[in-house]
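Trainee: Spelled out, the chains give:
Protein chains: 2
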Amino acid sequence: MAIKGVLFDLDDTLYNSSSFADRARKEAVRMMVDAGLDTTEENARKVLQKIISQKGSNYSGHFNDLVKTITGTYDPKLIVTGIITYHNIKFALLRPYPNTIKTLVELKKMGLKLGVMTDGITLKQWEKLIRLGIVDFFDVVITSEEFGLGKPNTEFYEYAIKKMDLNPDEIVFVGDRVDRDIIPAKKVGMDAIRLLEGKYKNAEDTVSQYKIKDIYEAVDIIKNLVSSNEP
Amino acid sequence: MAIKGVLFDLDDTLYNSSSFADRARKEAVRMMVDAGLDTTEENARKVLQKIISQKGSNYSGHFNDLVKTITGTYDPKLIVTGIITYHNIKFALLRPYPNTIKTLVELKKMGLKLGVMTDGITLKQWEKLIRLGIVDFFDVVITSEEFGLGKPNTEFYEYAIKKMDLNPDEIVFVGDRVDRDIIPAKKVGMDAIRLLEGKYKNAEDTVSQYKIKDIYEAVDIIKNLVSSNEP
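If you're matching them up, the sequences are chains G and Y in order.
Be aware that the first sequence starts at 577, since it is given in our numbering, and climbs by one per residue.
Be aware that the second sequence starts at 577, since it is given in our numbering, and climbs by one per residue.
The reader is advised that the hints may include incorrect statements.
DSS-like mimics (lysine-lysine), calculated; alpha carbons at most 25 Å apart, straight line [to be verified]:
id: 1; chain 1: Y; residue 1: LYS689; chain 2: G; residue 2: LYS700
id: 2; chain 1: G; residue 1: LYS738; chain 2: Y; residue 2: LYS653
id: 3; chain 1: G; residue 1: LYS700; chain 2: Y; residue 2: LYS685
id: 4; chain 1: Y; residue 1: LYS685; chain 2: G; residue 2: LYS653
id: 5; chain 1: G; residue 1: LYS653; chain 2: Y; residue 2: LYS666
id: 6; chain 1: G; residue 1: LYS602; chain 2: G; residue 2: LYS739
id: 7; chain 1: Y; residue 1: LYS644; chain 2: G; residue 2: LYS739
id: 8; chain 1: G; residue 1: LYS653; chain 2: Y; residue 2: LYS684
id: 9; chain 1: Y; residue 1: LYS739; chain 2: G; residue 2: LYS700
id: 10; chain 1: Y; residue 1: LYS685; chain 2: Y; residue 2: LYS763
id: 11; chain 1: Y; residue 1: LYS787; chain 2: G; residue 2: LYS653
id: 12; chain 1: G; residue 1: LYS739; chain 2: Y; residue 2: LYS653
id: 13; chain 1: Y; residue 1: LYS700; chain 2: G; residue 2: LYS602
id: 14; chain 1: G; residue 1: LYS653; chain 2: Y; residue 2: LYS763
id: 15; chain 1: Y; residue 1: LYS644; chain 2: G; residue 2: LYS700
id: 16; chain 1: G; residue 1: LYS631; chain 2: Y; residue 2: LYS700
id: 17; chain 1: Y; residue 1: LYS653; chain 2: G; residue 2: LYS666
id: 18; chain 1: G; residue 1: LYS666; chain 2: Y; residue 2: LYS689
id: 19; chain 1: Y; residue 1: LYS653; chain 2: G; residue 2: LYS689
id: 20; chain 1: Y; residue 1: LYS799; chain 2: Y; residue 2: LYS678
id: 21; chain 1: Y; residue 1: LYS738; chain 2: G; residue 2: LYS700
id: 22; chain 1: G; residue 1: LYS653; chain 2: Y; residue 2: LYS644
id: 23; chain 1: Y; residue 1: LYS689; chain 2: Y; residue 2: LYS644
id: 24; chain 1: G; residue 1: LYS653; chain 2: Y; residue 2: LYS739
id: 25; chain 1: G; residue 1: LYS700; chain 2: Y; residue 2: LYS678
id: 26; chain 1: Y; residue 1: LYS738; chain 2: G; residue 2: LYS653
id: 27; chain 1: Y; residue 1: LYS644; chain 2: G; residue 2: LYS678
id: 28; chain 1: Y; residue 1: LYS739; chain 2: G; residue 2: LYS644
id: 29; chain 1: Y; residue 1: LYS678; chain 2: Y; residue 2: LYS631
id: 30; chain 1: Y; residue 1: LYS644; chain 2: G; residue 2: LYS685
id: 31; chain 1: Y; residue 1: LYS678; chain 2: Y; residue 2: LYS787
id: 32; chain 1: G; residue 1: LYS700; chain 2: G; residue 2: LYS739
id: 33; chain 1: G; residue 1: LYS644; chain 2: Y; residue 2: LYS700
id: 34; chain 1: Y; residue 1: LYS653; chain 2: G; residue 2: LYS684
id: 35; chain 1: Y; residue 1: LYS666; chain 2: G; residue 2: LYS666
Rather than coming from a laboratory, the hints here were simulated on the basis of the structure.
Since the structure is predicted, the reported quantities are computational estimates derived from the model, not experimental observations.
Modelling step: build the complete structure from the supplied sequences, incorporating the hints.
Mentor: Written as structure tokens, this is what we have:
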């Protein structure tokens with residue numbers, strides 16, 4: 577079958593998610609210590625990191641818990657100082673990779689259908705696509721919240737393929753995670769390209785057909801797949 | 577007793593809350609119609625206004641309900657376009673009144689204890705104080721969420737007075753609402769100044785001892801109260 581579509585992961589695949597959240601948290605902690613949080617920045621970062629790994633990154637009370645852990649109290653000024661700084665820095669740093677838009681433009685010129693499938697809260701993931709300025713490239717956007725199950729469940733991948741209205745062997749998947757992107761994408765029958773970016777860029781990988789260091793390299797790979805499949 | 581403290585309402589007393597929310601909603605609706613919400617701006621504003629009056633201004637699903645009402649669907653792109661625009665405009669417009677800081681400085685120079693008591697969600701009200709740049713003027717900040725009951729309950733006023741650690745007749749209250757600020761403040765024994773600002777500035781008023789058009793006028797009134805009470 578000919579390739580007719582490309583399905584992208586979002587976080588760390590279309591933009592640098594890992595570093596922007598880290599930098600936003602670092603600045604938030606710095607401002608909280610400035611505002612009177614009675615500990616060192618280093619310790620506050622350590623405590624915050626522990627809270628995030630325990631409660632998950634979508635938990636909404638990170639800064640409440642940080643202040644509570646360090647001061648034993650509910651201190652709205654410190655909590656809100658953290659939240660405001662985190663959001664200001666996050667939105668200031670939210671940018672596509674330098675070659676993301678160029679890549680999407682090239683794929684669109686090839687007449688391909690484009691989709692995003694991403695773990696996360698629907699409105700938060702759409703907010704990223706809108707703030708990144710790339711939402712209108714995508715014919716299909718699917719979130720784990722919307723489906724009810726996240727990666728690496730193959731049901732979630734099958735749902736995405738159905739939404740793309742294509743067969744699995746007509747779609748190329750692009751993602752950064754071996755375990756949660758590449759393995760399940762291949763399992764359901766898609767070609768898969770791994771982008772070596774983000775927190776997991778050095779993860780062991782014995783399965784990816786294609787590994788790329790810059791998202792724009794996907795264009796040539798997909799061009800080759802399209803032409804090799806032509807009759 | 578001598579006057580030793582001033583207790584302020586927040587919304588429409590220290591900054592213009594009514595018009596900034598209206599203007600933010602107006603721009604949000606305009607961007608949503610631009611992004612494909614299939615109705616007129618006028619109709620969308622009308623529908624949004626109805627949702628707000630039914631669900632209250634602290635309900636978090638205004639834009640979800642607006643899109644649902646008009647399109648019958650859950651459309652994350654339209655919803656998030658509304659939310660982002662609303663917040664961007666809101667924070668861009670959030671400013672103290674021209675004379676708010678000058679007033680607070682004068683009262684501080686007089687050695688008075690300052691407090692804020694406000695209806696609303698604790699972290700949201702603190703966020704306003706921090707973004708307005710006035711949080712550090714206040715020795716005491718009390719919200720209805722924190723207390724569990726809002727204005728015009730006199731218990732809420734008595735709680736605020738206790739937090740100020742003063743007697744009611746040592747405190748001057750400043751607010752914009754006759755029914756929710758002035759009447760209960762007087763009932764518990766404080767002097768009360770009504771600022772004629774915001775949505776209710778033309779509300780009938782047969783009870784206020786002092787009515788002012790600019791917050792800075794409060795300084796002279798309070799100075800007179802302080803000196804008339806001196807032994």
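Trainee: Each hint should be assessed against the structure and marked as holding or not.
Mentor: Verification of the supplied hints:
1. LYS689(Y) / LYS700(G): Distance of about 42 Å is beyond 25 Å: violated.
2. LYS738(G) / LYS653(Y): holds (21 Å)
3. LYS700(G) / LYS685(Y): violated (46 Å)
4. LYS685(Y) / LYS653(G): Holds, at about 23 Å.
5. LYS653(G) / LYS666(Y): holds (20 Å)
6. LYS602(G) / LYS739(G): With a Cα-Cα distance of about 38 Å, the restraint between LYS602(G) and LYS739(G) is violated, given a limit of 25 Å.
7. LYS644(Y) / LYS739(G): holds (22 Å)
8. LYS653(G) / LYS684(Y): OK: LYS653(G) and LYS684(Y) at ~20 Å, within 25 Å.
9. LYS739(Y) / LYS700(G): violated (39 Å)
10. LYS685(Y) / LYS763(Y): Violated, because 29 Å separates the two Cα atoms, which is more than 25 Å.
11. LYS787(Y) / LYS653(G): Status violated; Cα separation ~32 Å.
12. LYS739(G) / LYS653(Y): Satisfied, since the Cα-Cα distance of roughly 17 Å is no more than 25 Å.
13. LYS700(Y) / LYS602(G): holds (22 Å)
14. LYS653(G) / LYS763(Y): violated (31 Å)
15. LYS644(Y) / LYS700(G): holds (18 Å)
16. LYS631(G) / LYS700(Y): holds (23 Å)
17. LYS653(Y) / LYS666(G): holds (20 Å)
18. LYS666(G) / LYS689(Y): violated (37 Å)
19. LYS653(Y) / LYS689(G): holds (18 Å)
20. LYS799(Y) / LYS678(Y): holds (15 Å)
21. LYS738(Y) / LYS700(G): Violated. LYS738(Y) to LYS700(G) sits at ~41 Å, over the 25 Å cutoff.
22. LYS653(G) / LYS644(Y): violated (36 Å)
23. LYS689(Y) / LYS644(Y): Judged against 25 Å, a Cα distance of about 48 Å means the pair is violated.
24. LYS653(G) / LYS739(Y): Between LYS653(G) and LYS739(Y) the Cα gap is close to 17 Å, so the pair holds against 25 Å.
25. LYS700(G) / LYS678(Y): Answer violated: LYS700(G) to LYS678(Y) is near 40 Å, above 25 Å.
26. LYS738(Y) / LYS653(G): Roughly 21 Å separates the two Cα atoms, so the pair holds.
27. LYS644(Y) / LYS678(G): violated (34 Å)
28. LYS739(Y) / LYS644(G): holds (21 Å)
29. LYS678(Y) / LYS631(Y): Given that 25 Å is the threshold and the Cα spacing comes to 36 Å, the pair is violated.
30. LYS644(Y) / LYS685(G): Violated, because 34 Å separates the two Cα atoms, which is more than 25 Å.
31. LYS678(Y) / LYS787(Y): holds (19 Å)
32. LYS700(G) / LYS739(G): Given pair LYS700(G), LYS739(G) holds - Cα atoms ~20 Å apart, limit 25 Å.
33. LYS644(G) / LYS700(Y): holds (18 Å)
34. LYS653(Y) / LYS684(G): At roughly 20 Å apart (the allowed maximum being 25 Å), LYS684(G) and LYS653(Y) satisfy the hint.
35. LYS666(Y) / LYS666(G): holds (18 Å)
Violated hints, listed in ascending order, are 1, 3, 6, 9, 10, 11, 14, 18, 21, 22, 23, 25, 27, 29, 30; each of the other numbered hints is respected by the structure.
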